[in-house]
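Participant: So for the sequence shown, the working numbering puts the first residue at 1; every next one is plus one.
Rather than coming from a laboratory, the hints here were simulated on the basis of the structure.
Remember, it's a predicted structure, so these values are computed and weren't measured experimentally.
There may be inaccurate statements among the hints.
[Claimed, not checked] Only pairs whose alpha carbons sit at most 30 Å apart, straight line, appear in this in silico DSS-like list of lysine-lysine:
no. : residue 1 : residue 2
1   : K751      : K7
2   : K17       : K123
3   : K102      : K78
4   : K751      : K786
5   : K150      : K78
6   : K109      : K167
7   : K102      : K77
8   : K444      : K482
9   : K102      : K64
10  : K17       : K39
11  : K474      : K524
12  : K726      : K683
13  : K77       : K167
14  : K467      : K527
15  : K683      : K751
16  : K7        : K150
17  : K385      : K343
18  : K527      : K563
19  : K468      : K481
20  : K441      : K482
21  : K441      : K481
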Amino acid sequence: MIERIAKLLKLSEEEIKRRLSYVSLSEEDIGLLRELSGKVSEEKIAELFGEFYRHLLSFEEMRKILEREEGLIERLKKAQAKYFRELLEGEYSLDYALSRLKVGQVHEKAGVEPKYYTGAFAKWVESVLPVIEEKTEKDKLLSTLLALFKVVILDLTLSLDAYLFSKIIKVEAERYRVILNSVRDAIIVVDLETRRIADLNASALELLGLENEREAIGRDALWVHPEEVRHTVGEKFSRYIEKGAGITEVEYVENKRTGEWIPVEIGYGTFEHEERTYVVGVFRDIRERLRREEAIRRLNRLYETLSRINFITTTAGSEEELFSSAVSIIREGGFRYVGIFRKGEDKAIAEEGTFLESDTSACVPMEENGLYLLISRWFEEDFTKEEIELLREVAHDISFSLRNLRTKEKLKALEVYDPLTGLLNRTSLLSKLPTVLERAKRDKKEVAFLLLDIDNFSELNEAFGHKKVDRLLKEIATRLKKEIRGSDLIGRVGADEFGIILLAEDAGEAAEKLLRRIRNRLRKPFKINSNELFITLSAGVSSFPEEIEELYSKALSALQRAKEFGGNRTVYYSETAEREVFEKVKLRTELRRALEREEFLLYYQPKVELRTEKVVGAEALLRWNRGGEIVPPIKFIPLLEESELIHEVGEWVVREACRQAQEWRSKGIELSIAVNVSPLQMKVPLFAESFMMLIFGCGEGSGSIEVEITESAVMEDVERMIEILKILTVRGIRTYIDDFGTGYSSLAYLKKLPVYALKIDREFVKGIPQDEDNLEIVKATVNIAKSFGLKTVAEGVETREQAEILKELGCDYAQGYYFGKPVPPEEFESYIR
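Given these sequences and hints, build the entire structure.
Facilitator: As structure tokens, then:
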């Protein structure tokens, strides 16, 4: 610390000489002090400071410090005696100055404020005066005292310098540590010259499995990576140093406690500090993201497989065709091997691919004559619960088709009831639908189809076996039957599924009441041997289809959604989804005409400077006047982007904002207007040049236009966005990063972006000050922005308290309903006047 303070003060032997000359300390002065030193004995000096410390102990603040540890005062007396001797001996070198700096640093560390320190110096001088008067000739007394005073002034300035710089360095270090540890991603700072780790944050310690920074600081930068990839990563790191490349592709770091290879994305940046260059590496742990992406890909393939299986179950003309088509379709869903087997037999009935014992495999029963699916894949990760459920659905549909093929005629003639439960079976239940629908049309009533599925049924089978679970199914069927009306129809449509057909004036209300009664009935536990079980059901409900098949398929779709949501719940399928699709097509058609019909308009929301609470600008927000109804942007902007109309509408927005700015200027209203630019607009070649041509064509209002770009749009192609932003900035266009904090901006890139301000997303402003996490995020964002010389704008400010807190944090501007909601230009004009 002392060396750093001395460096900041630029202390040297020459600087000490200059300081001595500043206090006019001459060789004659030094000679007088040395003469005095020769006359004062060590014993005399040792007696000097008793009264000095008695005086200090009379003050409570100093007493707390001096009595903090036993024997401290005696040690300080010895130090004072040594200092007095050194002061008189006249050797005022750099080493002497450093010792004075150390005194100031010790005072700062101990909490001795300058007011106490300078006051103590006065008492110190008073303590040594008797000795000086006693040992100095009268004609030299005044000169000796003046010489002593000059050296004391020199010492005092050095100590105060050290105190103040110690304070500054400590505050800066604490601020740096707070900012560093507020970042959720791991940050590792590397000394570029030595290529060794200089610092790291708490997230990095957690990522690497370390207990403290000492385990990493000083190690080679590549130590964080597995040994097997260090050479490759080292080459990439060197290319970054040479070319300044940005975010890497997926790399790996090694958790030193567990040995796990952790996939990360790394963003690099550099900075200069105290004549050294450092590289900042931001490491984002992407394990969960990769797992989610892979899980979603697998589930999407399985959903597609299920859809294709549903098709072949209705079209296959023979068992051979059904089995061969099924294994082919399932294998195309991303599996190495798929086979259909009969229990107790080694030879597959149908199969595709190659089965290896080392593969991860799943065995899925098909509910038909001991058949089962055997499925394996390349990687070692186990099948998820969702995958198993979907594979069971696949097996269920194949089984259903197989049963249809084998017993189609027999089921029609004989198999009206389910032999286990005594309820209608699937075929019989569905065969009743045409009659029920006809009756509904005749009597002007409604029909609802309910599909009920026993939650965690497979676990019950595994725990208790099929025979005991069969008895459970019979008991469940009995309870269900007790709750339906005489006009309702109920059947068992699958291994753990029941279907109910309702006919009522209000089928939706009837379904809701029935499900309530059923769930109340199921609250009573079931018994298997001595075990009490509580059973829950998932339910899917559909109504009003034009075709019989739709009624069942929509109920099945709703049931699948209920299972996806975790079970023990009801999902109603309605025509809403279809109406939304129709409405989407209709909206897209109307949007193509909206521009030529002049149906678009801009609303304006005030932007307020927090320090003065004055309106300094406005954000232009697009609205659509659709037949007198003002449509919010969330409903039509995605459609504009899908249909490429966003380019034409985007140009209209800029021209209209310029026109409005020009109109307001003519009325004496000088405001900047920010327009939002879609990521699709920015992907157009030469976007910046085209945008500037559009701006310049707008006349006098063009000077008031600002541009807002979302953080996610910037991060899609950072290098290109930097070039675009540079062009806009050079031409005088202020640019803002919108929704900041919702994407992934590395500090390195943020430093490069030539933008005016960051807009803090409303999700982080919402809930402050009660939400402490959000408050810390906002605080860190403001500090980061200030460190890069950027302004900040808080979105979504809804209360006076939020506005005051944001102002205290140093946020520059704010928007939100507290200041004003988006309104037409006439209302906005009235507001600011």
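Participant: Give a verdict on every hint.
Facilitator: To see whether the hints hold, each was checked on the structure:
1. A threshold of 30 Å between alpha carbons decides the hint, and for K751 with K7 the separation of about 28 Å falls inside it, so the pair holds.
2. Straight-line distance between C-alpha atoms of K17 and K123 comes to about 28 Å, which keeps the hinted pair within the 30 Å bound.
3. About 16 Å separates the Cα atoms of K102 and K78, which keeps this hinted pair within 30 Å; it holds.
4. The hinted pair formed by K751 and K786 meets the criterion: a straight-line CA distance of about 11 Å does not exceed 30 Å.
5. Note on K150 and K78: the hinted pairing holds, with a Cα-Cα distance of about 23 Å set against a maximum of 30 Å.
6. Of the pairs offered as hints, the one joining K109 and K167 holds, with about 9 Å between alpha carbons and a cut-off of 30 Å not exceeded.
7. Annotation: proposed proximity of K102 to K77 holds, straight-line Cα distance about 17 Å (limit 30 Å).
8. Distance check on the hinted pair: K444 and K482 sit about 27 Å apart at the alpha-carbon level, within 30 Å; holds.
9. Annotation: proposed proximity of K102 to K64 holds, straight-line Cα distance about 21 Å (limit 30 Å).
10. Between the alpha carbons of K17 and K39 the distance comes to roughly 27 Å, so the proposed pair stays at or under 30 Å and holds.
11. Using a Cα cut-off of 30 Å, the hinted pair K474 and K524 holds, with the two alpha carbons roughly 15 Å apart.
12. Our distance criterion of 30 Å between C-alpha atoms is met by K726 and K683, whose separation comes to about 16 Å.
13. This hinted pair checks out: K77 and K167 have alpha carbons roughly 26 Å apart, not beyond 30 Å.
14. Taken as a hint, the K467 and K527 pair is honoured in the structure, with Cα atoms around 14 Å apart against an allowance of 30 Å.
15. Distance restraint check for K683 and K751: the Cα-Cα separation of roughly 22 Å lies within the 30 Å cut-off, and the hinted pair is therefore satisfied.
16. For the given pair, K7 sits about 24 Å from K150 by alpha-carbon distance, which is consistent with the 30 Å threshold.
17. Taking the CA atoms of K385 and K343, the gap is near 23 Å; set against the 30 Å cutoff, the hint holds.
18. Distance restraint check for K527 and K563: the Cα-Cα separation of roughly 24 Å lies within the 30 Å cut-off, and the hinted pair is therefore satisfied.
19. For a cut-off of 30 Å, the pair hint linking K468 to K481 stands: about 20 Å separates their Cα positions.
20. For the hint pairing K441 with K482, the CA-to-CA distance comes to about 27 Å; that is within 30 Å, so the pair holds.
21. Annotation: proposed proximity of K441 to K481 holds, straight-line Cα distance about 26 Å (limit 30 Å).
When each numbered hint is compared with the structure, no violation occurs for any of them.
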